Amino acid sequence: MRPACRKPWHPFKPGWPSGFERCPPDMTMNTVSRRRWCVALAASTVASLAGAQNVARTWPGGRRLPALNAPDMSGKAWSLEALRGRPVLINFWATWCAPCKEEMPTLQTLADLEGDGLVVLAVNVREPLPRVARYVQQAGLTFTVLPDPRGDITRAWGMTVFPTTVLVDTQGRPQRVVSGAVDWTGAQAQQWVAALRRS
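Residue numbers (the UniProt record's numbering): 1 to 199.
Simulated from the structure, these hints should not be mistaken for laboratory data. This one's a predicted model, so the numbers in the text were calculated from it and none came from an experiment. Even glycine gets a Cβ: it sits at the ideal position worked out from N, Cα and C. The reader is advised that the hints may include incorrect statements.
[To be verified] Quick list of simulated restraints, FRET-style, between CB atoms: (1) R173 x N69: 32 to 42 Å; (2) M73 x D112: 17 to 27 Å; (3) R134 x R63: 33 to 43 Å; (4) P130 x R198: 17 to 27 Å; (5) A139 x V55: 18 to 28 Å; (6) W78 x R197: 18 to 28 Å; (7) P130 x R57: 31 to 41 Å; (8) L129 x A156: 27 to 37 Å; (9) R134 x R197: 28 to 38 Å.
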């Protein structure tokens, strides 16, 4: 059974393992039912990240980049404006989203390889902090995770498909939006990241 979403599903084959998870922040489905639905869908389909689909596009013309000001898991304040001069990768994700978790190891590898050369900010979409902290520890994530328990950041950025990643160049300009799971160690992703430094 599909989750009770108030908005239509994404046209690009949503759901695992296509690379998309469509669960808007205002969905009426409770957490237990949503989790069971995602697990059942994942169990019924065999796929890998290599076969996942993603859609890369440019940031909508004429639309300003929303502000991003939020504390991380430890309470440290982060501001996108303060990161001007450094390339930034902003990933919107959730623990109930199978494609999100599928790409996380490669995102961690990218963060390790790039070090200070790339700022990785992972915005968790509307989940309790203890659940997020537990997943971060279990997955061994060391990049910055920004909890968005009320979904304010997610709504401001217009995100309804997860995972979705926004790549911002050193001038603070959004260069690319990628919806769906990505192998962040792959050649295509490496080209996207390298392009942020040339902008």
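### Query
So which hints don't hold here, by number, going up?
1, 4, 8
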